[in-house]
Amino acid sequence: MTVIDDRPADVGGVGTAPWRKEDAHLVTGQTTWTDNLAPVGTLHMAFVRATMAHARIGSIDTSEAAGMPNVVGVFTGADFAEECPTLPCAWPVTPDMVHPAHPPIAVGKVRFAGDPVAVVVARDRASAVDAAETVLVDYEPLPAVVDMEQSLTDEVVLHEDEGTNKAFFFSMPTGADIDETFAGADVVVKRRFIQQRLLPTPIEPRAVLCIPQAASGDFTIYSATQIPHILRTMLAVVTGMPEHKIRVIAPDVGGGFGAKLQVTGEEVIALLVAKRLGRPVKWTETRSETNLTMHHGRGQIQDIEIAATKDGKLLGLKVDLLADMGAYLMLVTPGVPILGAFMYPAIYKMDAYRFNCTGVFTTKTPTDAYRGAGRPEATFAIERIMDELADELDMDPMELRKLNWITHEEFPYEMVAGLTYDSGNYEAATARAMELFDYEGLRAEQAQRRADGDRIQLGIGISTFTEMCGLAPSRVLGQLDYGAGGWEAATVRMLPSGKVQVVTGSSPHGQGHETTLSQITSSALGVPFDDIEVLHGDTQVSPMGLDTYGSRSLVVGGIALQKAAGKVVDKARKLAAHLLEASEDDIEFADGTFSVKGSPDASKSIQELALAIFAAHDYPEDMEPDLTGHAIFDPENFSYPHGTHLCAVEIDTETGHTSIRTYVAVDDVGKVINPQIVEGQVHGGIAQGIAQALYEGVVYDDDGNLVTGTLVDYLVPAAPDLPSFTTDRTETPAANELGVKGVGEAGTIASTPAVVNAVVDALRPYGVHDVEMPCTPERVWRAIQSGQKGGAQ
Amino acid sequence: MTVDGTDYTDDVEPRTLLVHHLREALGLTGTNVGCDTSNCGACTVHVDGQSVKSCTMLAIQADGREVLTIQGLADTWDGEGSLHPLQQAFHEAHALQCGYCTPGMIMASLDLLAENPDPSDDEVRHGLEGNLCRCTGYQNIVKAVRAAAVQIRQGSTKSQEVPA
Ligand code: FES
Ligand code: FES
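Quick note, the sequences are listed as chains A and B, same order. Counting from 1, one number per residue, gives the positions in the first sequence under the working numbering. Counting from 794, one number per residue, gives the positions in the second sequence under the working numbering.
Just so you know, the hints here were simulated from the structure itself, not pulled from any lab data. Think of the CB as a built atom: it goes at the ideal place given N, C-alpha and C, for glycine as much as any other residue. Hints are not guaranteed to be accurate.
[As the list claims (entries may be wrong)] To be clear about the criterion: a stretch of chain A counts as covered by chain B if any three or more of its residues have a C-beta under 8 Å from a C-beta of chain B, and this derived list gives those stretches:
1. 13-24
2. 318-332
3. 686-693
4. 706-714
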């Protein structure tokens, strides 16, 4: 069966929207999710997990489980303590960061509900699950530590050897003296915002399959991961096993959103059990396990204070964060809030800035990257407080922004937080958004409804956001003490028949790499889109790479590809000159064909040259018979997508129900390779940001039990919960070879404050100055009630 | 039971869910599992022409019945190897990113269009209430379902302008 393809022939290069190459197998169910794979003889794992948040483990009785039918082995933390003492954390954000051991199966103590205590390995999944239920764990309960501020009292310490629940204190004062700045300001506005924990919730749960080859000592690991390359290296590092004996494959991966940017205990245990038993070992989590143990996102208390003159000129910003680490530091847990440090000043000019962040352990699931990772939190806080400042100054919130943002003539602009923004045009994106939104018209309607005391009140929310993406310049990561670089690798290989193989080190899970990277290659080589194959996600096929997160695949990986393709063209030009008996300087290259200047009939297509170099009968002496290009690209700067999102909500003041009436997003992601894919990323991103604003939030009870343990309790929005979005773009090229900025996280970063600003804006006549997320009907209703009593803030 | 036009005879454990039977015993891994509380809809198939979350049904309950999965859907259309209009429309409208929700989403949409051959945006959204997608924000899914509706009404898989 083939996909019917009525695409016009000229579609396929940069800037066009060919339908995705990825889709054919996905719409027909011919998929290779990790859970679809199981060689004959595969053993299945089921984990016994802590049923309480904090306890000392007494005895673990596995005898009944071990004797059950089909059970091959039962293991506890002690069995792997030597082989893997701890899972990795690659980002020590301060030299004195507390970095407690995090064994893949708990040893001695459990520190969150869901911490694994034992693993049962059986011939089939049902037997493993049945046997796991019989494992008896004798716990000595300890008090849960759920609240971050309470945790910092150290009354109950999670990691007793460390003696404190404070993981780190990070401080970044930049620019002018912060205290003097605030002392001299006409207006200071201070707020506390709560970034609730979120469940990333890719629809494909995690799964891992490890296939050992006992004789050679080789291991092949399939995993539902975003990071096959990092995973391979980390598995070697944490187990001491030789890296070259480990092959990691990310087959079809069903979404990640940062949650599959992780080196999990389950992956390590699959490897160690496969090694021990010499048989393939597999684990697929249930959704309840996902909620309980896949790392959570956000989880911060943000104290933010902004200083301005009385006519609205910003002077300085202070941010004090408490960042919830959860029970352990995982791959980049401590780095997430630190990424935010650079984003609080956003697009605004100011002279003084101080960012402080305290990382705190709690007896909850560890947190780590979730779509945007640190930047949505920062953007939320600054965009929210801009609205609060505007209210304080009695200014239109858009006017306040215009007064303070960097104007387009001012780029490149060095921000107070230390980054240099290369490009942007906030005026253009905003003008377009206001036009699409009918800002003035809606303000007029709002005034009318306020005057009429209408039950349904209208609120308008603004978010003029930017973000830093394209992670990342390796040297900058080094300055931030991150444990790796941020380059990306690409190879372009001409096959004898003229078809092209592209190998990328980035690793997709829904973004459409095969399509986008084919488009770049098609334009660079002048080869038809359909003649290009993109290979990825297998450390044997693509040995070098740093994978996919932080909106980096195009901005770093795409540029690596552009450079690799350039090397192929250079080689082919040399060969063409040789075969056409002309000087290289006289060779022109256009639309895939090399020709001699002035004699257009003398020409060779790059696809013909591929065959010629394969045959290798006649080629220049100082050349190897090969048309392959390989490049590593390490960016010098981040990229800075920006845009203006405007949201209008209607709130039923009697029920507290919020509905989004209009949502307009004008994004500037630089040059666009595939407008359809870009739009899809924006849609999905906005949906996740709205989800934080209105629907989602992790709830723990006081004993540290996860209340939102299933999709019944945790409200992931379905189609009726979301509006249609009006999207458009402005295009200000980034200062890089492709002019691209990345788009994976923009929607999520921008939309949360746009929605909450709209909610608060609707309620201002009621004396409301904040509504905690998610802005549920109950919270909105309560805010109205307490606001009317003059108490809300 | 018959699945995608093929007859299968198996002894199954009474507790086996239909989705696990499809995936593990029959090797029909086109149908996915995304939750354990029947919320996500990733497992949606048709049984005797009605959409069913196959994680909510026991395999033995499907005994003697006709099951259609995403893997058999195209064959129900023109028998000439074309995709079903829903599959084609999801492709053209970029209604999938990671594609994990897609089999369920398409099978649920098929039911929706059987009941309402010309749904509005809102009707599509409400009709797909039981299916979660984390990637697309649903807008392109709505577009795809409406585009497919046009094609199904016209009985053709020819590429169709998506309604605005
Ligand atoms: S797996 Fe059936 S509804 Fe989620
Ligand atoms: S396309 Fe990924 S969940 Fe829908």
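Can you list which hints this structure breaks, lowest number first?
2
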